[in-house]
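Protein sequences, first through last, are from chains E and Z.
Those letters in the first sequence? Residues 1 to 310, per my numbering, in order.
Those letters in the second sequence? Residues 1 to 310, per my numbering, in order.
Accuracy of the hints is not assured; some may be wrong.
Any copy, or any two copies together, can satisfy a pair, since identical chains are not distinguished.
To be verified - Below, a list of computed lysine to aspartate or glutamate pairs in the EDC-like style, where the Cα atoms sit at most 20 Å apart:
no. : residue 1 : residue 2
1   : Lys106    : Asp123
2   : Lys106    : Glu85
3   : Lys106    : Glu55
4   : Lys174    : Glu85
Since the hints were made in silico from the structure, they are not lab data.
Protein chains: 2
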Amino acid sequence: MSLLVFGTVAYDGITTPSGSVDRVLGGAATHFALAASFFTDVRIVSVVGEDFSAEDEAVLTARGIDTAGIERAAGKSFFWRGEYEDLNQATTLDTQLNVLATFAPKIPPQYLDSDFLFLANIDPALQLQVRRQMAAARLVCGDTMNYWIGAHRANLQPVLRELDVLLINDGEAKMLAGETNLVLAANRILAMGPRALIIKHGEFGATAFFGEGSFGAAGTNALPFRAPALPLREVVDPTGAGDSFAGGFYGYLASQPQLTAAAFRTAMFYGSVMGSFAVEKFGTERMQTLTRQQIDARFQLFRELTHLEP
Amino acid sequence: MSLLVFGTVAYDGITTPSGSVDRVLGGAATHFALAASFFTDVRIVSVVGEDFSAEDEAVLTARGIDTAGIERAAGKSFFWRGEYEDLNQATTLDTQLNVLATFAPKIPPQYLDSDFLFLANIDPALQLQVRRQMAAARLVCGDTMNYWIGAHRANLQPVLRELDVLLINDGEAKMLAGETNLVLAANRILAMGPRALIIKHGEFGATAFFGEGSFGAAGTNALPFRAPALPLREVVDPTGAGDSFAGGFYGYLASQPQLTAAAFRTAMFYGSVMGSFAVEKFGTERMQTLTRQQIDARFQLFRELTHLEP
Chain E
1 MSLLVFGTVA YDGITTPSGS VDRVLGGAAT HFALAASFFT DVRIVSVVGE
51 DFSAEDEAVL TARGIDTAGI ERAAGKSFFW RGEYEDLNQA TTLDTQLNVL
101 ATFAPKIPPQ YLDSDFLFLA NIDPALQLQV RRQMAAARLV CGDTMNYWIG
151 AHRANLQPVL RELDVLLIND GEAKMLAGET NLVLAANRIL AMGPRALIIK
201 HGEFGATAFF GEGSFGAAGT NALPFRAPAL PLREVVDPTG AGDSFAGGFY
251 GYLASQPQLT AAAFRTAMFY GSVMGSFAVE KFGTERMQTL TRQQIDARFQ
301 LFRELTHLEP
Chain Z
1 MSLLVFGTVA YDGITTPSGS VDRVLGGAAT HFALAASFFT DVRIVSVVGE
51 DFSAEDEAVL TARGIDTAGI ERAAGKSFFW RGEYEDLNQA TTLDTQLNVL
101 ATFAPKIPPQ YLDSDFLFLA NIDPALQLQV RRQMAAARLV CGDTMNYWIG
151 AHRANLQPVL RELDVLLIND GEAKMLAGET NLVLAANRIL AMGPRALIIK
201 HGEFGATAFF GEGSFGAAGT NALPFRAPAL PLREVVDPTG AGDSFAGGFY
251 GYLASQPQLT AAAFRTAMFY GSVMGSFAVE KFGTERMQTL TRQQIDARFQ
301 LFRELTHLEP
């Protein structure tokens, strides 16, 4: 089934304790699409500038990703520079919106039949424009970040009402809910619209919370689900880990014949797996050499990590 | 099989966002023993003062715990007062060592046949004295805390060399190892002596790391194991959560015919289960009404929490 991702395709400058890169292919849609491409057909809607190179586009097309929806605009591509001292939190050193500043996304006609829509982290006003154009999507998942939660909450609210699954991290969940207890925060966020919520805990995995009846959940206090993360010896670059989690999760889900509770759980494990690969190298580097065989071997490791004999 | 725990039996004054208690039964050995008592025979070696009440002793004996090894000394029992603003970290407001200041632990002769020894969090010099008297123990597990890691490291080192399993939390592990990456920290700590290490992550569960060949682990990079924790709607009092985890873990392990990798994993889940009950009420209150049936029902919930269909 086809999965359409809307979000940024960009260039990043990144400094971590492991080193530094000046300008590498990045952006939420890029990381998401690469991770999802191991599971299903992926189409990107985004915008880049005249500086977007054929070599970088080939990173996407080599993984079978349809890039026809990436608009070319006059000017330069979105650029972000950040530094990680603590690997859980980036400090933004520079943000150049460039072509993103005037972007009005238009879904190409041949994309309108996409069953699965992912609204990657970007201005929620743009997320809503895309959602409106994709009225026929069977499932809509999305991401956001602290900046939009804080300064653009009024625009974010109608997006939340449109989502089947929202994926955010611990800090964002607490900020969005105004509540530090994770269970209470999850309940408040579910009341804002999403049918299910995945809260990502970095090296501690991710927890899914379900609204009543969503994805096979029963009762008002449906049991959450937790996917582990593999403790890693080295995190080279956390940039895109959350997008790669989302790509693994949603790519796997889109590849399944039915959206069952079991499929949702397995998808969470694949999300954790893809996040764990993403951080092993800078930018998109690890995804470029990754194989489905390596993915499935790590999936087995993750199962083993929490598996009890029956 | 008999499990001997050495540690504090004390009174606590506790303030949390849920309320406050002036003086309740506490101490690491108390919390450990109560949790372990649901799985195996438990004996305590400790010291209390003349203020230790028959009613509080009955909390232990009602659970079948052997209290003959709790020495009565002139003076008052150990007293701790603390406050939790953030539920992950207590601020100590008052510590009165009282009878603990001059304590020289002596193992009663009838306890010397205990197969399993737990050295709860206390001065490592005392932990070592007890270890020396219990030379025949089949398995020795222990706990410590930031105070001993910082100011008494020379005394802690010989204790670490005696341990089969060390149980500590994230912050303590990073402090002990002088390393913030969890995998590298675990490797450094395993090199200090323990055959296995359980690092507790609070609401995110706990991870076990294994030295080569320990508990069925194969190879120098034996796969760790992660037990989840149930996301809780309310944490009333975190005091004793770690001790209760240790009691559930070790109590279950001591009840098993063989110390296999599978038994170790199941024990970790029971540890998480007992920790999750402990925080539901102040002090020892929840343990006093808990049943094995409730424990096993929650154990099934924890399995379900991370379970994938085969």
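Now for the hints, and whether the structure bears them out:
With identical chains, the CA atoms of Lys106 and Asp123 are at most 20 Å apart within one copy only, with a shortest distance of 15 Å there and 67 Å across copies. When the C-alpha separation of Lys106 and Glu85 is checked against a cutoff of 20 Å, the pair qualifies neither within a copy, at 38 Å, nor between copies, at 49 Å. Taking the shortest Cα distances, Lys106 and Glu55 never come within 20 Å of each other, neither inside one copy (25 Å) nor across copies (74 Å). For the identical chains of this complex, Lys174 and Glu85 are inter-copy neighbours only, at 16 Å across copies versus 22 Å inside a copy, given an alpha-carbon limit of 20 Å.
In terms of the numbered hints stated before, the structure departs from hints 2 and 3, listed from lowest to highest.
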